[in-house]
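Q: Top to bottom, those sequences are chains E and H. Under UniProt numbering, the first residue of the first sequence is numbered 1, with each subsequent residue one higher. Under UniProt numbering, the first residue of the second sequence is numbered 1, with each subsequent residue one higher.
Do not rely on the hints blindly, as some may be mistaken.
Identical chains blur together in the list; that is why a pair holds if it fits in one copy or across any two.
To be verified - Cross-link-like lysine-lysine pairs, in silico, BS3-like; alpha carbons within 30 Å at most:
| # | residue 1 | residue 2 |
| --- | --- | --- |
| 1 | Lys267 | Lys151 |
| 2 | Lys384 | Lys147 |
| 3 | Lys384 | Lys63 |
| 4 | Lys151 | Lys457 |
| 5 | Lys457 | Lys107 |
| 6 | Lys357 | Lys277 |
| 7 | Lys267 | Lys304 |
| 8 | Lys101 | Lys151 |
| 9 | Lys273 | Lys125 |
| 10 | Lys304 | Lys125 |
| 11 | Lys63 | Lys98 |
| 12 | Lys63 | Lys394 |
| 13 | Lys267 | Lys454 |
| 14 | Lys101 | Lys277 |
| 15 | Lys394 | Lys457 |
Hints were generated in silico from the structure; no laboratory data involved.
Residues per chain, in single letters:
2 protein chains.
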Amino acid sequence: MTLTTTTPAADALVIIGGDAAGMSAASKVRRVQPNRQIIVFEKSHYTSYSACGIPYYISGTVKTSEELIARSPEEFRTVYNIDVRTMHRVLSVDTDNKRVKVLDKEKGTEFWQQYGQLLIATGGKPYCPEHITGHDAANVFGVSTLKTGIKIENFIRDTKPKTAVILGGGYIGLEMAEALLIRGLNVCLVNRGEQVMNTMDPDMGTLISEAMRNLGVTLYLEEELTELENADNKVTAVITNKRRIEADMVVFGMGTSPNTYFLEGSKIELGVKNAIKTNAHMQTNIPDVWAAGDCTETLNLVSKHPMHIALGTLANKTGLVAGSNIAGEAITFPGAVGTAVCKICSYEVARTGLQEKDLIRLGIEYVTASTSSKTRARYYPGAKKITVKLLAEKNSGRLLGGQIIGEEGAAKRIDVLATAITHNLTLQNIIDLDLSYAPPFSPVWDPVQTAARKLVKDI
Amino acid sequence: MTLTTTTPAADALVIIGGDAAGMSAASKVRRVQPNRQIIVFEKSHYTSYSACGIPYYISGTVKTSEELIARSPEEFRTVYNIDVRTMHRVLSVDTDNKRVKVLDKEKGTEFWQQYGQLLIATGGKPYCPEHITGHDAANVFGVSTLKTGIKIENFIRDTKPKTAVILGGGYIGLEMAEALLIRGLNVCLVNRGEQVMNTMDPDMGTLISEAMRNLGVTLYLEEELTELENADNKVTAVITNKRRIEADMVVFGMGTSPNTYFLEGSKIELGVKNAIKTNAHMQTNIPDVWAAGDCTETLNLVSKHPMHIALGTLANKTGLVAGSNIAGEAITFPGAVGTAVCKICSYEVARTGLQEKDLIRLGIEYVTASTSSKTRARYYPGAKKITVKLLAEKNSGRLLGGQIIGEEGAAKRIDVLATAITHNLTLQNIIDLDLSYAPPFSPVWDPVQTAARKLVKDI
Numbered sequence: 001m002t003l004t005t006t007t008p009a010a011d012a013l014v015i016i017g018g019d020a021a022g023m024s025a026a027s028k029v030r031r032v033q034p035n036r037q038i039i040v041f042e043k044s045h046y047t048s049y050s051a052c053g054i055p056y057y058i059s060g061t062v063k064t065s066e067e068l069i070a071r072s073p074e075e076f077r078t079v080y081n082i083d084v085r086t087m088h089r090v091l092s093v094d095t096d097n098k099r100v101k102v103l104d105k106e107k108g109t110e111f112w113q114q115y116g117q118l119l120i121a122t123g124g125k126p127y128c129p130e131h132i133t134g135h136d137a138a139n140v141f142g143v144s145t146l147k148t149g150i151k152i153e154n155f156i157r158d159t160k161p162k163t164a165v166i167l168g169g170g171y172i173g174l175e176m177a178e179a180l181l182i183r184g185l186n187v188c189l190v191n192r193g194e195q196v197m198n199t200m201d202p203d204m205g206t207l208i209s210e211a212m213r214n215l216g217v218t219l220y221l222e223e224e225l226t227e228l229e230n231a232d233n234k235v236t237a238v239i240t241n242k243r244r245i246e247a248d249m250v251v252f253g254m255g256t257s258p259n260t261y262f263l264e265g266s267k268i269e270l271g272v273k274n275a276i277k278t279n280a281h282m283q284t285n286i287p288d289v290w291a292a293g294d295c296t297e298t299l300n301l302v303s304k305h306p307m308h309i310a311l312g313t314l315a316n317k318t319g320l321v322a323g324s325n326i327a328g329e330a331i332t333f334p335g336a337v338g339t340a341v342c343k344i345c346s347y348e349v350a351r352t353g354l355q356e357k358d359l360i361r362l363g364i365e366y367v368t369a370s371t372s373s374k375t376r377a378r379y380y381p382g383a384k385k386i387t388v389k390l391l392a393e394k395n396s397g398r399l400l401g402g403q404i405i406g407e408e409g410a411a412k413r414i415d416v417l418a419t420a421i422t423h424n425l426t427l428q429n430i431i432d433l434d435l436s437y438a439p440p441f442s443p444v445w446d447p448v449q450t451a452a453r454k455l456v457k458d459i
Numbered sequence: 001m002t003l004t005t006t007t008p009a010a011d012a013l014v015i016i017g018g019d020a021a022g023m024s025a026a027s028k029v030r031r032v033q034p035n036r037q038i039i040v041f042e043k044s045h046y047t048s049y050s051a052c053g054i055p056y057y058i059s060g061t062v063k064t065s066e067e068l069i070a071r072s073p074e075e076f077r078t079v080y081n082i083d084v085r086t087m088h089r090v091l092s093v094d095t096d097n098k099r100v101k102v103l104d105k106e107k108g109t110e111f112w113q114q115y116g117q118l119l120i121a122t123g124g125k126p127y128c129p130e131h132i133t134g135h136d137a138a139n140v141f142g143v144s145t146l147k148t149g150i151k152i153e154n155f156i157r158d159t160k161p162k163t164a165v166i167l168g169g170g171y172i173g174l175e176m177a178e179a180l181l182i183r184g185l186n187v188c189l190v191n192r193g194e195q196v197m198n199t200m201d202p203d204m205g206t207l208i209s210e211a212m213r214n215l216g217v218t219l220y221l222e223e224e225l226t227e228l229e230n231a232d233n234k235v236t237a238v239i240t241n242k243r244r245i246e247a248d249m250v251v252f253g254m255g256t257s258p259n260t261y262f263l264e265g266s267k268i269e270l271g272v273k274n275a276i277k278t279n280a281h282m283q284t285n286i287p288d289v290w291a292a293g294d295c296t297e298t299l300n301l302v303s304k305h306p307m308h309i310a311l312g313t314l315a316n317k318t319g320l321v322a323g324s325n326i327a328g329e330a331i332t333f334p335g336a337v338g339t340a341v342c343k344i345c346s347y348e349v350a351r352t353g354l355q356e357k358d359l360i361r362l363g364i365e366y367v368t369a370s371t372s373s374k375t376r377a378r379y380y381p382g383a384k385k386i387t388v389k390l391l392a393e394k395n396s397g398r399l400l401g402g403q404i405i406g407e408e409g410a411a412k413r414i415d416v417l418a419t420a421i422t423h424n425l426t427l428q429n430i431i432d433l434d435l436s437y438a439p440p441f442s443p444v445w446d447p448v449q450t451a452a453r454k455l456v457k458d459i
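Given these sequences and hints, build the entire structure.
A: Encoded structure:
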């Protein structure tokens with residue numbers, strides 16, 4: 001079959017993916033270049049929604065899925081003159097001929113689209129154990145796109161499940177545990193590691209596991225999915241290497257990988273976990289091809305190694321940088337230190353920088369200590385427990401990592417540590433910081449400084 | 001009269017003032033030097049209490065005055081072997097003969113106390129318009145020591161006042177307004193400037209004035225106290241240059257000055273507002289004499305000029321540094337950037353660095369912008385308004401100041417700006433920071449980054 005080829009203006013910008021990274025870039029280009037042709041292919045019905053908000057929609061904390069949408073395709077078309085084509089999936093990229101092959105999902109037809117410049121912003125996809133029968137049953141869910149979020153919400157509303165098994169104890173797994181607890185389900189969480197949240201050190205992970213149990217989640221640690229008992233497109237139980245757990249629904253929270261499978265044979269260079277390699281301008285190795293968001297590698301500013309992190313902040317930033325450069329402004333994305341934060345009911349968890357296993361792997365000599373203090377003056381009502389763990393380079397005292405677990409008011413303190421790590425501050429620098437204090441906000445020594453005071457003695 | 005002279009061990013440490021700075025130093029010296037003689041003269045009955053907590057005790061948020069006390073004189077004596085002498089006021093310092101003249105307030109006797117080393121940590125005292133008759137009436141209060149806090153609480157409990165006039169719209173004035181509102185009083189606040197909180201720029205001050213009015217405080221701006229109508233040791237009305245305001249009680253919140261009047265003739269060098277000049281080790285110009293806390297100057301790290309700030313954080317830090325050096329450890333206090341935070345009912349106010357009037361006075365060319373955004377993802381319940389104002393050096397983009405007004409979750413974000421200012425970060429550095437994001441904690445771009453993005457365009 002010979003496909004039709006759509007030839008746009010020579011400098012047309014084609015963007016694959018209409019969420020955070022893609023639409024940040026599109027909006028930036030539009031601001032700088034009011035007349036440029038911008039075409040966006042988005043495989044779903046939705047643009048610019050908050051994927052991070054999906055668990056809160058499922059929990060009912062956010063009432064409608066529409067609230068998660070920052071800007072609709074219609075708004076992009078009419079207000080911004082951006083040619084957003086929803087329900088269009090890009091099947092492959094032909095960089096030699098500067099064109100992409102597109103499937104119009106509604107019409108069922110395929111065509112070639114020429115581009116002047118191309119931005120790939122296809123995001124990530126949740127890991128799904130496709131070798132296990134039942135992985136695609138009607139009551140088994142990944143959590144990634146708004147569409148999957150709506151599917152889960154509809155399933156809960158319509159079938160009123162009583163028990164859920166979550167597979168995987170990362171951010172998504174924990175946030176989904178919160179959501180399903182709020183919806184009144186009995187929640188079991190199966191985790192391969194000895195503690196949930198493996199982006200935290202095991203001692204901090206233990207505290208999170210305890211917190212999850214306090215909330216009523218049944219944790220099965222050091223267990224692995226082996227089988228899904230299923231019949232008639234419905235899973236009835238999760239089988240692990242240790243037990244059988246009955247389930248009305250199953251949620252995968254086993255991490256995400258970059259959505260780059262369609263780039264096979266495109267000559268676009270991939271790196272860690274098949275994420276797209278870019279330079280600091282978000283350019284790939286192929287001229288006129290850019291990439292941004294969860295489908296790309298990110299430079300870890302502490303280890304100096306590339307990593308793959310799927311995070312809304314990075315998607316927005318790299319989208320903006322890609323858009324700026326595509327529009328002729330030369331700004332750069334320096335990389336990240338791996339800051340992340342998560343709320344699970346009344347608990348707050350945050351981390352930044354490297355963790356012990358990273359430091360051991362990199363052969364960096366380090367010291368570490370953790371301290372527990374309060375989020376407010378000890379006598380001020382609502383003062384909550386906060387535990388801060390710091391990791392610092394052995395001789396220099398340079399901060400390398402920080403982890404926080406606590407209740408209300410704890411987590412956002414990670415930002416001072418992220419700033420400190422990015423700019424090579426030492427523990428003494430942190431102690432010397434003039435941080436804000438009043439009894440409703442902090443003890444006199446902020447908890448991050450109390451932790452630094454303890455650890456500095458070991459330097 | 002010939003006074004008796006008490007001669008202690010040759011290396012005895014005498015500390016004047018038993019609150020944050022003095023007792024931080026004493027505790028530090030005790031940890032390093034278990035056998036050293038340490039004598040503390042404290043003019044009140046109390047040691048180591050949170051002066052910052054007094055408004056919350058008056059409001060009833062903190063139930064008892066005891067809760068504000070971290071460690072009692074008795075505990076210092078018995079557990080730490082620190083010879084704390086309460087109700088002892090130091091009247092003068094004779095540096096030539098290394099001795100201080102002390103009044104035993106209970107016995108009414110005076111004596112000379114020799115010292116090996118001396119630490120002055122006498123704090124600040126609230127400004128009181130002593131030229132105005134009635135300033136010392138029974139229903140007129142300053143807010144500084146725990147004793148004055150207890151006096152106010154007793155007065156409210158016993159006389160059930162209905163109306164209060166607060167003179168001065170700084171932190172203490174605003175926190176006392178909150179406290180008295182909570183206690184059910186009608187509160188008027190008289191402020192000399194055109195907006196309250198003159199440590200913020202007038203445009204931000206306007207927002208605070210609005211917030212105060214929303215809370216039910218009657219504000220009289222650009223007005224000055226001229227007279228206190230009084231009879232029988234009781235003020236009945238405050239007279240300003242514009243009106244007469246009836247009052248059951250009057251509170252002074254007109255700032256504090258260093259408590260150094262007793263150093264006249266001591267040869268100890270004073271600086272800004274008669275605060276004691278020290279080096280970074282907290283040594284004064286006189287050998288073996290140290291100073292710490294609210295009675296000292298602080299180096300402003302942005303202007304490079306000395307300033308006077310009375311803040312619990314600085315008192316604790318400089319006390320610790322003085323104690324370390326007195327005990328033979330050579331650590332330094334680098335200075336501060338003027339970070340402060342304040343809660344007034346549901347409103348949060350924070351500031352750091354220089355403000356416009358400082359920059360104009362210093363002749364520094366600057367750009368400034370403010371933005372309003374939300375404390376959480378816009379769709380997440382409890383997302384509150386936050387306004388961030390940034391000031392940056394004109395050509396370099398180096399951050400010079402930050403001011404925040406908002407509701408729950410707003411103020412503590414000042415810490416990232418304080419860290420940025422201390423380490424000479426630019427607006428672009430702030431945009432590039434990997435700050436934490438999840439919908440319950442922040443929009444994708446943290447409000448401080450949104451402000452930096454707006455202002456960077458003007459560089």
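Q: Let me make sure I understand: some of the numbered hints might not hold for this structure. Which ones are they, in numerical order?
A: Of the numbered hints given earlier, those the structure breaks are 1, 4, 5, 11, 12, 13, listed in rising order.
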